[in-house]
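Student: Read top to bottom, the protein sequences are chains H and C.
Add 840 to the 1-based position in the first sequence for our numbering, that's all there is to it.
Add 774 to the 1-based position in the second sequence for our numbering, that's all there is to it.
Heads up, some of the hints might be wrong.
One-sided excerpt, in silico: chain H residues whose CB lies under 7 Å from chain C [to be verified]:
| no. | residue |
| --- | --- |
| 1 | LEU885 |
| 2 | ALA888 |
| 3 | ILE938 |
| 4 | GLY1007 |
| 5 | LEU1010 |
Some, not all, of what chain H presents toward chain C, calculated at C-beta under 10 Å [claimed, not checked]:
| no. | residue |
| --- | --- |
| 6 | ILE901 |
| 7 | ALA927 |
| 8 | ARG930 |
| 9 | LEU936 |
| 10 | SER950 |
| 11 | ALA998 |
| 12 | PHE1026 |
| 13 | GLY1043 |
| 14 | GLU1044 |
| 15 | VAL1052 |
Source of the hints: derived by calculation from the structure; they are not laboratory data.
The C-beta atom is built at its ideal place from N, Cα and C for all residues, glycine as well.
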Amino acid sequence: MPSAEILASGVFWSVATIAAYLAARTLYRRLPRWWLSPLLVAPALLLAAALATRVGYESYIRGTHWLMLALGPATVAFALPIYEYRAAIRRYWPVLLIGVVVGSSLAIGSAWGLASLFGLSDALRLSLLPRSMSMPFALIVSGGIGGVPDLTAVFVVATAVIGVAVGEVLLRWLPLRSTVARGSLFGMGAHGAGVAKATEIGGEEGSIAGLVMILSGVANVLAAPLVVLLLG
Amino acid sequence: MLRLRPVRVLHAQMQRSRAAQVAALAAVWLAGNQATRLLGLPFPGAIVGLGLMLLLLSTGWVSPVSVRRGARFLIGEMLLFFVPAVLAVMNHAEWLSLTGLKLFGAVLLGTLAVMLGTALAVDLSYRWWVRHAVR
């Protein structure tokens, strides 16, 4: 393809991505149903557009990967909730630590075990491992352990959508008396979407969910090189 | 007092402008990347940047108001920044088969285990901790 055409295609798909995102967000604000989550609708709109115009993933991502650069500053932005909720960290730190360690071990262990049980390929198994982390952390870990970050992105989104539904069911019959347990359930199990759900339940649940999501993400990114070193 | 005015004007401007705050957070991210490269750290620049930002906030060098709007924007609209990667799904038509069902099962059962285990571990340890901390 001549470079002018590449540029035009990049501009077109960037605008289409932003438009699909805004449309999905507006739709969800009007009709907040779990199956209308922007996590599903925005990719679905773009998928339909790409299939209709017969554009492959390689040319789509070439024009739009610049949007993903913002995940770096977004990771830095996670410092603000940590700072703002420092009182909750000081108050609950032993419990949060247990939640992060137990949750991360279960996330990685269950992904490994289930992928092996179902006979999934090595690439799929490694890409599944970081699926419970918030997206920027999951993409970093996936690349670091030899997974395919693009596949991990799909699994992270699936985890968010499924996690919100599973979490609502669990909350109905689990005898969880503490806000810290309800918050940890959503923050560990369904990352960003879980934090949004926890915030609907209560302000403290929301801040605990956010903390658990961020702290477990940071802990996993820091631990990943050590794990690779130990296994390799 | 007079000497502090330019700083104060800059401060007031930072509290208003979301774009300036996003740019400031991006600058911290770039600084983190440089630190990783120059010092040969085993962690990605974004994580070093997060640590650096936390340091700036806790030492009081940067007030939370000066980055709050930018940070909320970057975190709140994160889906826009990662949606391109999700389109990778179009390279995997083979997931419309047993493999897709297995992947769905792995995510569903795994999430069930994570949520159940985390919530119970946290609830039990919290109750234990409350009982023993009070007395």
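Student: Each hint should be assessed against the structure and marked as holding or not.
Tutor: The hints, checked one at a time:
no. : hint    : verdict
1   : LEU885  : violated (10 Å)
2   : ALA888  : violated (10 Å)
3   : ILE938  : holds (5 Å)
4   : GLY1007 : holds (6 Å)
5   : LEU1010 : holds (6 Å)
6   : ILE901  : holds (6 Å)
7   : ALA927  : violated (13 Å)
8   : ARG930  : violated (12 Å)
9   : LEU936  : holds (8 Å)
10  : SER950  : holds (4 Å)
11  : ALA998  : holds (5 Å)
12  : PHE1026 : holds (8 Å)
13  : GLY1043 : violated (15 Å)
14  : GLU1044 : violated (13 Å)
15  : VAL1052 : holds (8 Å)
When each numbered hint is compared with the structure, violations occur for hints 1, 2, 7, 8, 13 and 14.
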